[in-house]
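Top to bottom, those sequences are chains B and H. The opening residue of the first sequence carries number 1 in UniProt numbering; numbering runs sequentially from there. The opening residue of the second sequence carries number 1 in UniProt numbering; numbering runs sequentially from there.
Hints listed in this document are in silico derivations from the structure and should not be mistaken for laboratory results. Small disclaimer: the values here were computed from a predicted structure and weren't measured. Just so you know, even glycine gets a beta-carbon here, dropped at the ideal spot from N, CA and C. One or more hints might be untrue.
As the list claims (entries may be wrong) - Far from chain B, some chain H residues (derived; all Cβ distances over 12 Å): (1) Leu16; (2) Asn18; (3) Thr32; (4) Arg33; (5) Ile39; (6) Asn42; (7) Lys43; (8) Tyr44; (9) Ala55; (10) Leu62; (11) Gln69; (12) Ser71.
Claimed, not checked - List of simulated lysine-lysine pairs, DSBU-like, C-alpha gap at most 35 Å: (13) Lys100(B) to Lys23(H); (14) Lys37(B) to Lys100(B); (15) Lys43(H) to Lys92(B); (16) Lys100(B) to Lys43(H); (17) Lys53(H) to Lys92(B); (18) Lys59(H) to Lys92(B); (19) Lys92(B) to Lys23(H); (20) Lys100(B) to Lys53(H); (21) Lys59(H) to Lys23(H).
To be verified - Simulated restraints, written as ranges between beta carbons of each label pair: (22) Thr7(H) to Leu87(B): 24 to 30 Å; (23) Arg3(B) to Gln24(H): 25 to 31 Å; (24) Pro50(B) to Ser47(H): 49 to 55 Å.
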Amino acid sequence: MTRSAALKEFLQSISFREVTLSIDLLVSTYIGYFYLKNVFSASSEQLASPVWLSELLLQVIIYSIVLMVISYIVLAFISDDELEQPLDVREKQISLVGYKYTTYILQTGICIAIFQYQAHAQGFGPSIEYNIPFLPLHIMVCAFLLAEITNYATQLYKGRTGAIYG
Amino acid sequence: MASGVITNSIRTLRFLNNEMTQKQLAQEIGVTRQTVMAIEANKYSPSLEVAFKIATVFKLPLEEIFQYQHSSD
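Please model the entire structure based on the sequences and the hints provided.
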């Protein structure tokens with residue numbers, strides 16, 4: 001099979017839901033990159049400033065909403081009423097598997113954040129060793145973004161391979 | 001412990017029914033084309049409702065479309 005034929009077959013096999021999930025995944029990945037880039041390039045004063053952190057979180061929220069709204073408007077234009085069609089049983093199951101991993105990551109993130117908060121209160125841990133204020137908050141935001149990315153990636157992978165439980 | 005796999009002959013039946021496409025079958029039984037692809041590849045076992053809808057489309061009893069291959073480990 002030639003490369004163009006393989007590409008054509010791939011484009012024909014991709015569903016509208018996969019396109020939607022891919023866009024959600026791209027948006028979430030970009031938001032994660034934006035957040036981490038800002039945190040890692042921030043100065044010590046910025047990291048210690050609640051105002052700077054609030055602004056960053058506000059930017060993350062605004063970017064998320066704007067990008068999602070734009071992408072869904074574009075999808076609504078190119079879709080053939082597929083956006084309004086309900087999920088079938090298999091898609092609902094795939095969605096549940098995605099949410100299962102999301103829950104694991106969020107629970108782990110919250111546990112690490114609580115442990116980090118307690119460690120900071122006791123005077124040890126990475127937030128003191130590396131001088132990173134508000135570390136529990138950063139951990140929870142990262143866990144949230146990672147959970148979103150994992151959710152979309154899992155749904156895409158399971159939807160493409162067909163095997164839900166494997 | 002006993003385990004098994006559900007296989008089906010949907011691909012053949014589609015071909016025998018005026019070369020029905022996966023999309024046409026998917027529309028008739030109310031699922032996506034990806035779900036039909038997964039069922040045909042034996043990667044997903046359909047719900048009882050979807051199985052009966054497939055049987056209705058092909059006008060055949062369930063056991064002629066789906067086969068349970070039993071194997072004991």
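Status of the hints after comparison with the structure:
| no. | hint | in the structure |
| --- | --- | --- |
| 1 | Leu16 | holds, 23 Å |
| 2 | Asn18 | holds, 20 Å |
| 3 | Thr32 | violated, 6 Å |
| 4 | Arg33 | violated, 7 Å |
| 5 | Ile39 | violated, 8 Å |
| 6 | Asn42 | violated, 9 Å |
| 7 | Lys43 | violated, 3 Å |
| 8 | Tyr44 | violated, 6 Å |
| 9 | Ala55 | holds, 16 Å |
| 10 | Leu62 | holds, 17 Å |
| 11 | Gln69 | holds, 17 Å |
| 12 | Ser71 | holds, 17 Å |
| 13 | Lys100(B) to Lys23(H) | holds, 30 Å |
| 14 | Lys37(B) to Lys100(B) | holds, 28 Å |
| 15 | Lys43(H) to Lys92(B) | holds, 16 Å |
| 16 | Lys100(B) to Lys43(H) | holds, 20 Å |
| 17 | Lys53(H) to Lys92(B) | holds, 19 Å |
| 18 | Lys59(H) to Lys92(B) | holds, 28 Å |
| 19 | Lys92(B) to Lys23(H) | holds, 19 Å |
| 20 | Lys100(B) to Lys53(H) | holds, 30 Å |
| 21 | Lys59(H) to Lys23(H) | holds, 18 Å |
| 22 | Thr7(H) to Leu87(B): 24 to 30 Å | holds, 26 Å |
| 23 | Arg3(B) to Gln24(H): 25 to 31 Å | holds, 29 Å |
| 24 | Pro50(B) to Ser47(H): 49 to 55 Å | holds, 51 Å |
Checked against the numbered hints above, the structure violates hints 3, 4, 5, 6, 7 and 8; every other hint is satisfied.
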